[in-house]
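Peer 1: Just need the whole structure built from these sequences, with the hints factored in.
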Amino acid sequence: MELKALVTDKFSSFFAYKDLHFKLRDCTNLEECRKTAKELLVSYKENRSIYEELNFYKDNARVLGKHPIFKQYRDIRKIREMSIKELVIKQQQLKHNIWRIQSEMKKGKKPHLDAERQESIKNKQAELAEVNRLLGE
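This note's numbering numbers the first residue of the sequence shown as 3 and each following residue consecutively.
Listed next, the in silico BS3-like pairs over lysine-lysine satisfying Cα-Cα at most 25 Å (straight line): (1) 73 <-> 124; (2) 124 <-> 68; (3) 126 <-> 12; (4) 60 <-> 47; (5) 92 <-> 73; (6) 124 <-> 6; (7) 6 <-> 20; (8) 47 <-> 126; (9) 37 <-> 109; (10) 97 <-> 111; (11) 37 <-> 12; (12) 124 <-> 111; (13) 40 <-> 68; (14) 73 <-> 47; (15) 73 <-> 87; (16) 109 <-> 124; (17) 87 <-> 97; (18) 126 <-> 6; (19) 92 <-> 80; (20) 6 <-> 60; (21) 112 <-> 47; (22) 108 <-> 97; (23) 6 <-> 73; (24) 47 <-> 68; (25) 73 <-> 97; (26) 126 <-> 111; (27) 12 <-> 40; (28) 80 <-> 68; (29) 47 <-> 25; (30) 97 <-> 124; (31) 97 <-> 112; (32) 37 <-> 25; (33) 12 <-> 60; (34) 25 <-> 40; (35) 68 <-> 6.
Calculated from the structure, these hints are not laboratory results.
Peer 2: Printed below as a string of structure tokens:
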């Protein structure tokens, strides 16, 4: 399952990289170039990370497991093994964590961490959605 998601992400990140590369050539001001270059680097790093995973799998017939998608799947598996009581506690923790991260972003402090924070929010929202599904909400 993880490999299927990884291959899908590989295509997405490759096409995003390709589009951003062309967009970088058409920049009209420094701010636009900075923003595009930042997105391009993120996309490139994601693409390389996925490439390493798939190449390792091709050579060794097992996953390397360094890509964040594997942690996400492990977290989802752990959630599915929780009792109802643990799920309710986890639900409250996730809601609080999402609120806390969003609050930090609204303050505008340390904007260089916003990309990581957005990714963290996305992951926690996915976990919360799974918890809510298991609780029937």
